[in-house]
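*Asks:* Sequence:
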Amino acid sequence: MVALRDYLRLSVDDLLVVAKEFLHSDLSRSALQRLLRRRGLPSLAALEKQEKAAQQSLHKPFKAYEPGFVHIDVKHLPQMPDEDHKRYLFVAIDRATHWVYLEVRQHQSVQDADAFLQHVRERAPFRIRTLLTDNGKTFIDRFAAGGERQPSGMVERFNGRVSDVLNTHQTPAGAMK
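Oh and the sequence shown: position 22 is 22 in UniProt numbering, straight run, nothing missing.
Because the hints were derived from the structure by calculation, they are not lab data. These figures come from a predicted structure and were not determined experimentally. Careful: at least some of the hints might be erroneous.
With a straight-line cut-off of 35 Å between C-alpha atoms, the simulated DSBU-like cross-links for lysine-lysine are [unchecked claim]: (1) Lys20 <-> Lys49; (2) Lys75 <-> Lys63; (3) Lys75 <-> Lys86; (4) Lys63 <-> Lys52; (5) Lys52 <-> Lys20; (6) Lys63 <-> Lys49.
Construct the complete structure from the given sequences, taking the supplied hints into account.
*Replies:* Laid out in structure tokens, this is it:
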């Protein structure tokens, strides 16, 4: 009975029908309820509340950040047929306000990263408190001891959208529309 209740999540009345049909034809509803209570099984409504509470505890809300927590990344742009070198898209996104600043640069050097960060500081409508990078070579020389690359999801999603736009605005020959 306990296993049936747990597995099928039947109400007392439905469980009684199944029990009378397959287990004990003289079983009464009150006897079935006493059995379930003795075994410590909660009502279906209580089970649903427990399940909802368990699901809600798994989904923690995203931490609210103050403006100034900025994700930074560099994306390699595709080389167009009329260009003789690659270009790089430097992107900065604030986690709280979703403010975006970007620049297309000719090189991916520490000097370019430094200039980009200076421009971000000048143009940001808030004080930058924290910079989050993926520890790419452009930034680790300046900001951190080397380590594993860890992508910053917010900028990576933005870069994915940029790639989608670039792919939809190219002709088969590769030139921009």
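*Asks:* Each of the hints needs a verdict: does it hold here or not?
*Replies:* Here's how the hints hold up against the structure:
1. Lys20 <-> Lys49: 29 Å, holds
2. Lys75 <-> Lys63: 27 Å, holds
3. Lys75 <-> Lys86: 11 Å, holds
4. Lys63 <-> Lys52: 21 Å, holds
5. Lys52 <-> Lys20: 31 Å, holds
6. Lys63 <-> Lys49: Within the cut-off at roughly 25 Å; holds.
Every hint from the earlier list agrees with this structure, and none is contradicted.
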